[in-house]
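These protein sequence lines are chains Z and V, in that order. Going left to right, the first sequence walks through residues 0 to 464 as numbering that gives the first Met the number 0 numbers them. Going left to right, the second sequence walks through residues 0 to 464 as numbering that gives the first Met the number 0 numbers them.
Careful, some of the hints might be misleading.
What the hints assert, rightly or not - Computed, partial: chain Z to chain V, Cβ under 7 Å:
hint, residue
1, Glu21
2, Thr55
3, Ala56
4, Cys67
5, Trp97
6, Val137
7, Ile141
8, Ala143
9, Lys144
10, Leu172
11, Gly173
12, Cys461
In case anyone wonders, no lab produced these hints; they're calculated from the structure. For each residue, glycine too, the CB sits at the ideal point set by N, CA and C.
Number of protein chains: 2
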Amino acid sequence: MSRENGSGTHETIAAISTPPGEGGIAVVRLSGPRAVEIAASLFQGMNPLTEAKPRTACHGWLVQNGTCLDEAVVTVFPGPRSYTGEDVVEISSHGGTWVTRRILDALVAAGAEPAAAGEFTRRAFLNGRLDLAQAEAVADLIRAKTEASRRVAMAHLRGRLTEQLDHIRERLLGICAHLELELDFSEEDVEFTSREEVSGSLAAAVSEIETLIRSYARGRVCREGFNLTIVGRTNVGKSSLLNALIERERAIVTDIPGTTRDTIEDVLDMDGICFTITDTAGIRETSDPVEREGVRRTRIAIEDADMVVVVFDGSTPLTPEDSAVVDVVNGSGKPVLAVVNKSDLKQNIELPLLKQRLPAGETVFVSAKSQAGIPGLIARLEEAALQGGIPESGEVVITHARHHAALERARSSFLSAGDTLKSGLSQEFVALDLRAGLDALAEITGAVTSDDVLNHIFNEFCIGK
Amino acid sequence: MSRENGSGTHETIAAISTPPGEGGIAVVRLSGPRAVEIAASLFQGMNPLTEAKPRTACHGWLVQNGTCLDEAVVTVFPGPRSYTGEDVVEISSHGGTWVTRRILDALVAAGAEPAAAGEFTRRAFLNGRLDLAQAEAVADLIRAKTEASRRVAMAHLRGRLTEQLDHIRERLLGICAHLELELDFSEEDVEFTSREEVSGSLAAAVSEIETLIRSYARGRVCREGFNLTIVGRTNVGKSSLLNALIERERAIVTDIPGTTRDTIEDVLDMDGICFTITDTAGIRETSDPVEREGVRRTRIAIEDADMVVVVFDGSTPLTPEDSAVVDVVNGSGKPVLAVVNKSDLKQNIELPLLKQRLPAGETVFVSAKSQAGIPGLIARLEEAALQGGIPESGEVVITHARHHAALERARSSFLSAGDTLKSGLSQEFVALDLRAGLDALAEITGAVTSDDVLNHIFNEFCIGK
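Chain Z extracted, bound-state conformation (with noise of 0.2 Å):
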C-alpha cells in the first residue's frame, strides 16, 4: 500500500507545515527516501546531518550556494517510525513568510517536490500510519472551532470509530468466511454456524450501528455547528436579541464575507457548540402591506436553518407582518422557537392567537434590553441543538456525511442478508448482502477505498500536513 509516481520511484516532498504569517517558529517539513539527503545539502552544523541521531534536534544553519537563509533546529524522524512512515525531517526555523518561503524554495532546488494538500496525510495512510477516520479526524481536529468540534474529532483520531466498527466487522467476517466455506461444500449441506447465530448476530450489527446513525444528528452539530436563523418583522428587536446573545457568549467571527443576502451571520460559542447566527432583513411595513422582497429573503435565509427563531414584539398586539412571518415559518417544515421580547414593557401580544397560529414551536419570553430571560433561551438553543450535550472525552459519535452514509449503506445490506437468509434462499445471496455490508464499513476506515474518495477527503486538507 504504498505510493509510487510515475516513474516507480517515491518522490521527495516537502511544505511549510505551520500556518502562513508572522510567528516565533516556522516549521518546513520533508517527507520521502530523499529527504535526509536533501536536508542536509543545505544544513551546516556541528556534524553532518545524515549521522544526526534520529528524532534528535539539531542546531545549525542553511546555506544555500553561500547564502546563509536562516538559523534552524532539524531533526530527522527515520521511517517507518514518523508521521508519513516515511523518512521525514522537520526544520524549526525563525517564523517569518520571506524567510520560510525561501527555505521551501531552496528545498526544492534541492531536489523536493511541493507538498500537495493533504500529501503528508494521505502518505501516512497509505503507508498504514492511521486509517482513513483518522486522517479526517486530523483535518477535523484542525479545522476544530470549539470544545464539541475538539472532542469529537479527537475520539475518531485515537481510533475509537475504528474500533467499534472493528468489533462489528471482525464478528460477521468470520460468519462470512463459513457462510462461504459452506458454498463451497454445498454438495455436502454442511453448517458451519447455525442460521440462528447468523441471524443474531445479523441483528446485533445492525443494532449497533443504528445507535452510530442516530449519533449522526449530534455529531454533525459537534462537527459542522448548528445554523440558527432569526425571523421576524421590523422593529421586534431581532438585533438587539443578537447582541444580547453575542454578548453573553464568546463570538468566533462576526459578519462572515460572502452573506449576498442581505443577512447578517454571527458565529458563537455557546458552551462548547458553534452557532452559526443568520440575521434576517426583517419583513418591513410598506404601502403593500406584506412586502414581497421580505417574504422572498426570509424564505432564503431559513432554507439553510437547523432551527428557526421568530422574534415577536411582546408590547404590541400581532401585526399582519408577524403573521406574514409565521406563514413562511410554517411552510418552511423547521423545528421552531417562538420568542417574546420586549418582556420588560407592559405585554400587550395576543398569546393564545400566537400559539394557534405557530403551533410547532416552544414559546420563550425575553428582554434583550435587560438579559431578563436570555441565559434561559440559550439553555434551550443548546438543547436544541445537542440533546445530551457535548460528548464525553472518547465517546463515539458519527460526524461525517460520508460514514453516516456507508453505515446506511451497512445497515441495509445486513437487513437484507437477515431477510434472505429468513426467506430460504441460498445462503450465496446471504454471503453477498454479507461481503457488501462489510465493504461498506469497510470504507469508512479506507480497508476499502478508491481514490476518487482518497482525493476528495485529502484535497480537503491544508498544504504540509
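For this one, chain Z is given, so just place chain V on it according to the hints.
Only chain V this time, still in chain Z's reference frame:
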C-alpha cells in the same frame, strides 16, 4: 543578568509560537525552571517526559483531567543550551486554532505564565544567548518581506555587526583603561599610551563608525523599503503606469487598508527591494483652473515619500495642471524623477520647458500601454533606492534608527575626545568623552542598556518569540 520576578523566583512562561490560523503543525513553547515539570504533567507517552533524553522528540498524547487534548511530539531542550538559556520544552501538535489554544490553557492551568511579546527572546538576551542587535535581527527576520530585508537581518543575526563594533570597542577600551590609570598616577606624570597613539586610534574608530553611518541610507531601505509617490494631473496615465509596474514585478500586498488620503498604496518586490508605491488622486481640471484640493492631497502624499515620480503625458503640451503639480514637487525638496508616458503616441510635450520647470529630476520615457521603457524605469528606481544594490550575504549595513543614533553619538564623543586631546586639556576630559562614546557603542549590542530600551524593543515582537 538573569530575569527574576517580584518574588525572586523565575517564572515559567508558555506561548503559542507558530502563527495563528489553521496549519499542519502548531508549536507551543515553554521556558523556565518548571518547563519540563509542567509539560510532563500533561504528557502521556512511552516514558515520562521527566526522563526524556535532551533534544529528543517524544511522541505521546496531551491529557488534562482525563480529557485527551491532542497527539503531540514533545522535545525537551535543557538549559543553558537552549534558545532562552533556560529549560525549554517545545510541544509540536496537530495545527488548529482551538486545539492549540486548549493546550496553552492547560499549560497555564498547570502553572505556566502566558508569555509576553518577545519574552523568549528577551530571556535569551538576558541570559547572554544573543546580544541586543541579534535580538532585533530576529524580529527583522520574521518581518522580512523581501530578499534585501532578509539578508541584512541575517547578517546582524549572525553577529556581523557585533563583531565589527567589538573590534572598535576593544581597541578603545584598552586606551580608555590606560588613560584612567594615568589619572590615578597623575602626580607622577606617567604616560601608558602616547598621545599620537590615542589620536590615531580615535581617528581610526571615527572612520569605521562613519562608514557604518553612511551604510544606513542603504540599510534603512533594505529593512524598511522605499516609499515612492506617483503624482501628476489626471489622464497622464498614473494608474496605467502603476499597473505596468505591478504586472512586471512581484506585488506583495495591494490596497493597504487605512489609506484615508484618497490614495492607493501597493507594495512591490522589485529585485528584492520592497517599494511602497502611493498613487495620488491626481489634480483635476475644474472651473477653478488649478484645483486646491488636488494640490493639498498631492502635497500630503509627498510628505512620506523617499522619492517622487512625476508623470506627464508626452502626447500633449504641458498644461496649467502639470505646472501646479511641478510647483508642489519643487517645493517639497524631495528627490524627483520625471516620467513622460505615452511614448507610443506622437510626442507633443515641450521637453525643454519641462526640464526648465523641473530642473532637479532626470527624465525617463515610457509607454505604460506597450511596456516600452518600463524595465529601464524599474532599474532607475532600484538605483535610486539602493545605490550599489542589495548587500552581499554577510555584508554589514546599519538598518535601525536606534543603531544609527547611537553611532552618531559615539562619533561625536570620539571627535570631541580628539579635540580635547589636541587642546591639551586634562586626560580626565579625554577619558570622559571616550567612555561616553564606548557606552554609546555598547548600547547597540545591549552591553549597556535600560529597561525602557528593552521594553521598547521586545514589545515590537510577536507573542511566542
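Hint check results:
no.	hint	verdict
1	Glu21	holds, 5 Å
2	Thr55	holds, 5 Å
3	Ala56	holds, 4 Å
4	Cys67	holds, 5 Å
5	Trp97	holds, 5 Å
6	Val137	holds, 6 Å
7	Ile141	holds, 4 Å
8	Ala143	holds, 5 Å
9	Lys144	holds, 5 Å
10	Leu172	violated, 29 Å
11	Gly173	violated, 32 Å
12	Cys461	holds, 6 Å
Hints 10, 11, counting from the list given before, are not met by this structure.
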